[in-house]
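Protein chains in written order, with the UniProt record's numbering: chain P, 1 to 612; chain D, 1 to 810.
Just so you know, the hints here were simulated from the structure itself, not pulled from any lab data. Computed from a predicted model, the values in this text were never measured in an experiment. One thing to keep in mind: the hints can contain errors.
[As the list claims (entries may be wrong)] Computed spacing ranges between beta-carbons, pair by pair:
#1 P:307 x D:732: 34 to 44 Å
#2 P:307 x D:607: 47 to 57 Å
#3 P:372 x D:174: 48 to 58 Å
#4 D:732 x P:457: 28 to 38 Å
#5 D:58 x P:531: 50 to 60 Å
#6 D:61 x P:588: 51 to 61 Å
#7 P:512 x D:650: 33 to 43 Å
#8 D:521 x P:405: 58 to 68 Å
#9 P:531 x D:337: 19 to 29 Å
C-beta: ideal position from N, C-alpha, C; glycine also.
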Amino acid sequence: MRSSSYFAMPGAAQRSGRRSIRAVLVLALTAGVATAVPAAQADTNAPAPPPDTTPIAAKPYMGWSSWSMQSSKYPGLNPDGDYSYLTEANVLKQTDALAAKLKKYGYDHVNIDAGWWMDKNWKTGFDQYGRQTPDPVRFPHGMKSVADHIHSKGLKAGIYLPVGLEKGAYGDGKVPIWNAAGCTTADVVYSDLRTTNGWDNAYKLNFDNPCAQKYIDSQAQQFAGWGYDFLKLDGVGPGSFKSGDNYNNVPDVAAWQKAIASAGRPIHLELSWSLDIGHAADWKKYSNGWRIDTDVECYCNTLVTWENSVDDRWDDAPAWSNKAGPGGWNDLDAIDVGNGEMDGLTKAERQSYMTLWAINKSPLFTGDDLTRLDSYGVSLLTNKEVIAVDQNDSPVARPVTPVGDQQVWGTKNADGSYTVALFNLGDSPASVTAHWASFGFTGNASVRDLWNKANLGTYKNKITEALPAHGSRLFTIKSDGSTPTTTSYEAEDPANTLSGNASIAGCDDCSGGKKVGNLYLGGKLRFNDITVKKDGIYTVKVAYVSGDPRSVTVFSNSGNGTSEKFPSTGDWSTAETVSVQLALKAGTNTITFDSGNGYAPDIDRIVVPQSV
Amino acid sequence: MECTTVDIQHTEPRDNTPSRRGFLALAAAAGAATALGGLPAFTASAAPLRPTDSPMLSPADAAKNQLWWQAPGSSHSMIEQGLPVGNGRLGALASNDPSSELLVITDATLWTGGPNDKLQSDGQFPYGRDDFGSLTLLAKLTVAIPDHDLGNVNNYRRTLDLAQGLVSTSYDIAGVTYRRQIFASRPDDAIVVYFSQQGGGSYTGTVSLAGTHGESTTANSAGRYASFGATFANGLKYGAAVTAYSSTGRVRVDGTSIAFSGCKDLTVVVSGGTNYAPDAAAKFRDPSVVPERLARTKVLTAAGHSASTLLHTHVADFRAVFGQLDINLGTSSVAQRELDTWERVQARHRDDVPDPELEAAYLQFGRYLMISGSRGSLPMGLQGPWLDGNDPDWMADYHTDINIQMNYWMADRAGLSDCFDAFTDYCLAQLPSWTDVTQRLFNDSTNRYRNSSDKIAGWTVAISTNPYGGGGWWWHPAGNAWLCQSLFEHYEYTQDGAYLKKIYPLLKGAVEFWEARLITTTVTDASGASREVLIADSDWSPEQGPLDAKGITYAQELVWNLFGNYRTATAVLAKDTAYGKTVDGLRRRLYLPVVSPKTGWLEEWMSPDNLGETTHRHLSPLIGLFPGDRIRPDDSTPKDILDGATALLTARGMNSFGWANAWRSLCWARLKNAEKAYQLVVNNLRPSVNGSNGSAMNLFDIYEVESGRGIFQIDANFGTPAAIVEMLVYSRPGHIELLPAVPAAWAASGSVSGVGVRGGFVADLSWKNGKVTRATLTSVGGSSTTVVANGASRKISLKPGESVTLRGLA
């Protein structure tokens, strides 16, 4: 979740920027230990359905989450104050709708987000062991009852916690930890009560003291006991707009993994939000998914808007492309495409949203009101071919072009075909062309249009389509197998001309083990002897390394070039490839990468077809 | 000069040359071109004669002059992405969106404002949308087809067919190919949108016509039309109407719209106009015209014909004009041809590889705009009849200090002599008002540019002019001379005595103005000798430098040109011979600019100092180089003057606004610097990004007003083609040079036919390796001239209608 400013800064919500509106829980959680909840319920040990034997997160999970509607100011959604949408009745209603409409397509999670232990005024409640306890008004029958209903529909139940010991649970340090003789809340945190998480609303757990693990164990046991299959752990750092020792929640996440392992029930552990990519290995090791970005919700009169912040994902996802796989996935956040009016998006935007999520193999959980899906929304959420793109075994797609207003993304599928997405992120209609050569083949290829469920026939060398503003197309391309003969030119080749600060550097992931870097503020790399057989416009593949999205002006011979933004490769040691179009003449040519007045990616090599 | 081996063949008049005369004959048969240069107004017109045979080009022939795109335009960016159509008076931009075809429609006469003849306290003219006025939009037409969402279509393509005056869109949905054609017909005085399909599809949606000034549209069920009419505060009445019909399905009025359902085809016809009349005596109104009613009559009359009849009538009319010039600058690569027009513009810039077909298409696009925007009504101002809102920059008006002149530099050069008439007709209609305002107000004591002699005669204009006899912004004393320069040059191309007689009052009035205005001063020549000279009174070299400079080069050159042309006119017309001699005397005493010893440049302000911006957009002091001929790279011009002009042009730089680049290109062409002239053409083909100077997606020239805000200004779309022609053919009466400045990019091989030549000829030529291989001159009124090709010259003499072909030139 991303908390709003309801308590901290009334009325300042969506204009105040993403960082400032997170103060919420800090204030909200001063409530202290609530006493309203019958302890018996928390410890109920009624049998939950047998755990699913499928490995956790073998595929990106699918389902529904409560947060999009909770966080929206859409008329009527939260009649009893902000976030008041979250109630037992609403969860059950959405559960039934999910089961009826979307379950057969693979949507099987019903995830309760923040607030299940908070009253209407966002005041927290805890049991006598300092564990979050359901708000009796929101969930009059407790959390187990909800999970039971979810399970009765053949679905999985998800629940939510912020990372750390919420301040309200501390109880002067004297609150005992469940099933941990001698441990109280004072033993699980640091003596200086240093705070942690994205809102600083919790004390940082001190795992030097075994009581801290016991506290996590107690929460995990409780969720297992209630029958929950999924936990979203929120405010996790480094990430959640925090860094530094106090916000390093890697030990918390590890403790959760350990606690779940001994809880007697498989529980999917999902991390939120804007997780630090530098810790991707930790997230992969200890969790099943990680939000790569801030909330997709707009905290406005709709669920989301294009600019705030659906469109950020095109820039932010590429860095993570090689981090995801079975067991853990890049989470792009809720997929709110089910009702155009509530979503606040055009049809084109909704399709592009779903397309990007699918090719990134993001979890597909909608935050829409499943009782009010429109027919177009249903068609987006239930297109089996598109869902298969999300769920199949292909690697996560990457942009194969520079990432301007028009982009082409793709990935190679197990059967040798390619999944190819065209995007127009511009505000006007535009044509977008996918050149087969970007994928390493030429000649004829058959094109399947996944959204329109149609075979478009055979296209030679490329496909061009007109896309509406913010629009997309999604294809499966099958080549007849011809591969162009190419020549590879290493950036570090001594025949090249380096100018400015440009210099050769080692790079294990790069061909030849080297790259040319320090391309900034006038630094240039010129390949001098690019030889082709015919005049023409060539698809030149550029292998490069860039820890963040960076632009470089690329030109052949005396051209003026184009400033091209290359997507992030995730770090400064991983090489990826994009293709650019350049005119080359028969014979010898130069190709130049000019940083101009900015900072450019490092270049590994270029690959040029020998002829067109 | 070397003696030539030119082979002269006198041939028959070229009436049977299929490439050009065939179409003219067709047009005449169609009765389409009714009295070009006639009364420019929205009036009832006689039923057009319809062609009996299809005038449509074969797809292969049409493809030679087509621009194309693979995406529709945005309704939010029509000026850069809409495709223009026009019938010479009505102009429209079309979005070509499958699910929502949008046409924003302008009538060239839909101007707010009025005579604007009360000066401000500074002696200059008010320049607002209510007093001076502005060109505004007439209507927006929307054809909504909700099922045709762009997200579902494949193989989208839209084409601007320059030769046939046609915008086409095609796309596929679920196995059906849908096609629409949009054209603005001059014979039927209406814009037609024709929807068709192949494969069993149909159209369901609505046609809506909306005004842009708060008008209410009403619809008539029985008549199956929708229309509106209103009156501006200035009393101008205007209106528009639309109707729709289909051979299948249902078309009916629904509220204020026209609904259609299950139609296998659909034809939508829209028209409109105003009661503007080009008649100062009638206060520029025709009280007999009721525009809304006339618009209804026009659309319902047109709707009595099938879409294909309307199309054929239009194409017969359009092709006849377009076909008067053909150009081939060389062959582009297969890779370039595969790109759509916008991709090609981007690749041209990215790769800096010449794309001769694109460059030729840019010229033909300019011609397309002129045929669409300048026939039978007011001339084209800063945007022609293509607006996307009611607050165009500078009112989309007539700027007399370069822009309107540049708009028409291309007309005679590029085989569109008749399109010049709108410009002439405008000046003639405005002359009574211009004369009245000049004589009443120019010498107002508050006007810093007034004649210090207190004498006043003739007429002049302000920098901006409107169609109601009004000026805007500041007085522009030399504006009269520059208008006359353009008007007289048209005579040089046509050698049409009746035309000269018509414009004679304009010439004479301008001469009289200058006779009253010139003042005497004494200058010392380089030799140290003093002499008394005549110079222009206090003035502003256009848009830069001091406001009270006397003897600015701009004025001196223009008056020198004006007096000379006037003398030609008196001689040809055998009129005012005595006064002509007086003018000769004045001309002999006119001061002409010298080269500054400080800067080495031809002086702009009769001062050795650079008093303005070095790289200023205007080339006012070089007006004697282009469009004038006083400064020439031959023995007629002292070397120091030629060097000073070249140095000034060099200092002005190679990167400016589109029209300024075009003017620079024309000047470099005159100096026979082919590569610089070409580079400036190429600079105007740069893709405009975020409003930067260059070409928009639809090839409209974009003028960067400020960082991030570019506007459409049409002059570069005409000035750049003029430069392309000037690189291929230079002419002045009695002298023609072929390929004076052909750049390497076009040198390999090419041809052009239909180029207008001053002195009354039309030239066709072919070349190889930069050398003319064949040239044909046809007299359209001229009798003799010298032709220079490949370094050799030859004198030719022809009677009107005769041709001569020069061979063996290489």
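Query raised in the report: Broken hints, numbered, in rising order?
Result: As far as the earlier hints go, 1, 3, 4, 5, 6 and 7 are violated by this structure, in ascending order.
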